[in-house]
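J.: 0 is the number of the first residue of the sequence shown in numbering that gives the first Met the number 0; add one for each residue after it.
Hints listed in this document are in silico derivations from the structure and should not be mistaken for laboratory results.
Hints are supplied without guarantee of correctness; some may be wrong.
Lysine-lysine pairs mimicking DSS-like chemistry, simulated, CA-CA at most 25 Å apart [unchecked claim]:
| id | residue 1 | residue 2 |
| --- | --- | --- |
| 1 | K220 | K235 |
| 2 | K80 | K102 |
| 3 | K168 | K360 |
| 4 | K321 | K310 |
| 5 | K337 | K360 |
| 6 | K102 | K66 |
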Amino acid sequence: MAANSSHRAPAPSRKRVFVLLGALALTGIVYVALPKSWFEIPPNSPTGAKTVPSIPSAASGTEARAKMADRLAELRDAAQKSPLDVGSRSRYGMALASLGRGKEALPEFEAAERLAPDAAGVHHNLGVYYLNINRLIRAGAEFCRETELGPADGRAHYYRGLVLQRQLKEQPSIAQFREAIALSPQLPDTYLSLALELTRGHNEPEVLSLIDHYLKLNGDKALADYARSGAYKTWKKYPEAARYAELSVQEAPGNYGYWHNLGQIYSYAQRWDDAERTLLHAQTLSRDPSTTLIELGMNAQRAGRFEGAEKYLRQVLVASPKQGEIHLYLTRLYRHWKREQEARKQEQLFRVWEREEQAIKLRAQRLAAGLPASAEGQGGHVISEPSR
Numbered sequence: 000m001a002a003n004s005s006h007r008a009p010a011p012s013r014k015r016v017f018v019l020l021g022a023l024a025l026t027g028i029v030y031v032a033l034p035k036s037w038f039e040i041p042p043n044s045p046t047g048a049k050t051v052p053s054i055p056s057a058a059s060g061t062e063a064r065a066k067m068a069d070r071l072a073e074l075r076d077a078a079q080k081s082p083l084d085v086g087s088r089s090r091y092g093m094a095l096a097s098l099g100r101g102k103e104a105l106p107e108f109e110a111a112e113r114l115a116p117d118a119a120g121v122h123h124n125l126g127v128y129y130l131n132i133n134r135l136i137r138a139g140a141e142f143c144r145e146t147e148l149g150p151a152d153g154r155a156h157y158y159r160g161l162v163l164q165r166q167l168k169e170q171p172s173i174a175q176f177r178e179a180i181a182l183s184p185q186l187p188d189t190y191l192s193l194a195l196e197l198t199r200g201h202n203e204p205e206v207l208s209l210i211d212h213y214l215k216l217n218g219d220k221a222l223a224d225y226a227r228s229g230a231y232k233t234w235k236k237y238p239e240a241a242r243y244a245e246l247s248v249q250e251a252p253g254n255y256g257y258w259h260n261l262g263q264i265y266s267y268a269q270r271w272d273d274a275e276r277t278l279l280h281a282q283t284l285s286r287d288p289s290t291t292l293i294e295l296g297m298n299a300q301r302a303g304r305f306e307g308a309e310k311y312l313r314q315v316l317v318a319s320p321k322q323g324e325i326h327l328y329l330t331r332l333y334r335h336w337k338r339e340q341e342a343r344k345q346e347q348l349f350r351v352w353e354r355e356e357q358a359i360k361l362r363a364q365r366l367a368a369g370l371p372a373s374a375e376g377q378g379g380h381v382i383s384e385p386s387r
């Protein structure tokens, strides 16, 4: 899921649009490009530091997961019998994490960190855990500590770059990816992640060269074609983008992201019917239909099919009633459609939702700072909803 440009539909802020519609672009490559085993110990440990033993690559596929499940009881017993053994605690935590039991894995990773605070590997495992649940500040702190303990470990810089990439810190992430390539040129995923960041700067020769290098290091062919399609889409070269996107779905026909990407490219190329058919197929592969429904709605609006656009956007509200951004999309749709009364109603609903979101964010910030959830009575103000 590579360098797709964010959707340019109307939205209250570029960041919100990115989260809503552009997740395919940035978060996609972060997760797809990760090694098969997230939870593993970097091979290079700083001199004098305690070394945490590693276990084979984490479960990948049904058979491997079944084998890992069979080992779980053995690993749990080992951790319970030797609670002060950092290797046993780490192995049990990695097994839990590989089975999707992250909350149970966290205490094991934290115990390993207490037992061996100067081992880069324990910080790596915690960093990967927090990256997986999108706690980027904490993940960044763990990977930063890992690079301090093992500055020559290219993979540590790669993961640090992934966090910075997720935080939309373009230049720092580029610096980390370049450092990772310099230190560990054999890691294919770094080339693809760097290509993503450089795409937005329209550095076409280097981007394509990096993707080629990724393939030479036995990178995934479908992902490489997906990355190329995303790059060409960003550069508004839609025929080339469509060609590589079509290759990606041929190579990985069960991948939702690849089909969504192809449908979006068809829409940008004004191939409205092809876009709708492709996006409807993508929807059958998605656990959450909202993103695809939004894309279907925007495709219909671009084509001037306002009734179809309304149908798809309202389906989002049925599937995800709390996704209040849709009221803004409907506002813009109705204004294009010359239905001003409906536009004003949707805009008011959006403003209510926006205020509620701001209040939730403020409460969370105050609680995180150890303050009362409400500022009422303390010189603050209370956000009130406008009349409907």
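J.: Next, verify each hint and record whether it holds.
T.: So, going through the hints one by one against the coordinates:
For the suggested pair K220 and K235, the alpha carbons sit about 22 Å apart, so the restraint of at most 25 Å is met. For the suggested pair K80 and K102, the alpha carbons sit about 21 Å apart, so the restraint of at most 25 Å is met. As the CA atoms of K168 and K360 are separated by approximately 22 Å, the hinted pair is consistent with the 25 Å bound. Under the criterion of a C-alpha separation no larger than 25 Å, the hint pairing K321 with K310 is consistent with the structure, at around 18 Å.
Our distance criterion of 25 Å between C-alpha atoms is broken by K337 and K360, whose separation comes to about 35 Å. For the suggested pair K102 and K66, the alpha carbons sit about 21 Å apart, so the restraint of at most 25 Å is met.
The structure fails hint 5 only (numbered hints given earlier).
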